[in-house]
Structure formats: structure tokens, C-alpha cells
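In mature numbering (1 follows the signal peptide of the UniProt record, and there is no 0), the protein residues as written are -19 to -1, 1 to 135.
Source of the hints: derived by calculation from the structure; they are not laboratory data.
Among the hints, erroneous ones may be present.
As the list claims (entries may be wrong) - Computed list of lysine-lysine pairs in DSSO-like fashion (alpha-carbon distance at most 27 angstroms, straight line):
| id | residue 1 | residue 2 |
| --- | --- | --- |
| 1 | K57 | K85 |
| 2 | K57 | K117 |
| 3 | K85 | K117 |
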Amino acid sequence: MVKFTASVVTLAMAAAVTAAPAASSETIFSFASWVEDIIANPDTALSPEQAVAALPALSPPPSGDAAACLNDLARKGSAGTNCVVAQSAIQMCRIGGAELVGTKAEAGTYTVNCNDIARTGGLIFDTCYRADNTVKGSEFCITNSNIQVNIQGV
């Protein structure tokens, strides 16, 4: 019985490993990386026209995905979780085609309850919702003006 159980466990683990999704190799265009490419090797970097043409990946996110991010952050905040911005930009949530990013310009680490990030996202929805069912925009956090909350596409 022990050998049989060990065999079943081994088989189950092998099935779990083979069923794991493959890692995505998708690369998202970044103007910051493009500038670094120009500095490192201007002869092989994209032209300005090519860089702008690479932008469709940054189209506004579907409002449902952005709303799911706000829901996620509000639930985390209700559980007492804080959102921390300790570097110039930090991804606070990414669901589907939406990304919620906190940014700061000043040195230092800024911490707020994730509810405040979600509330600020709600303000972005109120002012930046589009007729094509997308939303994209930014606002300063309602409780800490050192943090800017950005809803953007990925």
C-alpha cells in the first residue's frame, strides 16, 4: 500500500508540473528602455516614429479590469494592508489589461492604507472614464499628495 501511495503522489506531482502554464515572453514597450537603447547604441535603437508606433500596447485599459484592481486594493485595505511607494514607481495591481501604479517624485518612502489608493482610483474613474468602456488617468492620493495614482494599460 505504501508503494502504491508513493506512486500515486509521484504521478500527481508530475501531472501538476506538466499542467503548469508556460511563462509569457511578451515584451511591453517602454520609453525609458528606448532612451537607454539610444544611449547604449544609437545605430540599432528604434527611430522616434518606430517608438511611437510601438505604443498600441499602452492603450487605455478596459474599465472592468481597472475596476477589478480597485476592488482588489479596497479589499486589501479593509484587511489592514498598506500600499507602500518606496521607489519612483511601483505596480500596486495588475489584472487583465489594467495596471494601477503608484509614483512619487520626492525622496523617501510613503505609506497609505490601500483603501486610499482604491478611493483615489475611484476619482480617476469619475473624471477619466471613456465612452469606449476604458479608463486612463492619474490623481494624487487623497490622503498623501506625495503619491500619484495612475491607471494605465499594459
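Margin query: Run the distance test for K57 versus K117: straight-line Cα separation, threshold 27 angstroms.
Written below: holds, 22 angstroms
Check: For the pair supplied as a hint, K85 and K117, is the alpha-carbon distance within the 27 angstroms limit?
Finding: holds, 18 angstroms
Check: Between K57 and K85, does the CA-CA distance stay at or below 27 angstroms?
Finding: holds, 21 angstroms
Checked against the numbered hints above, the structure violates none of them.
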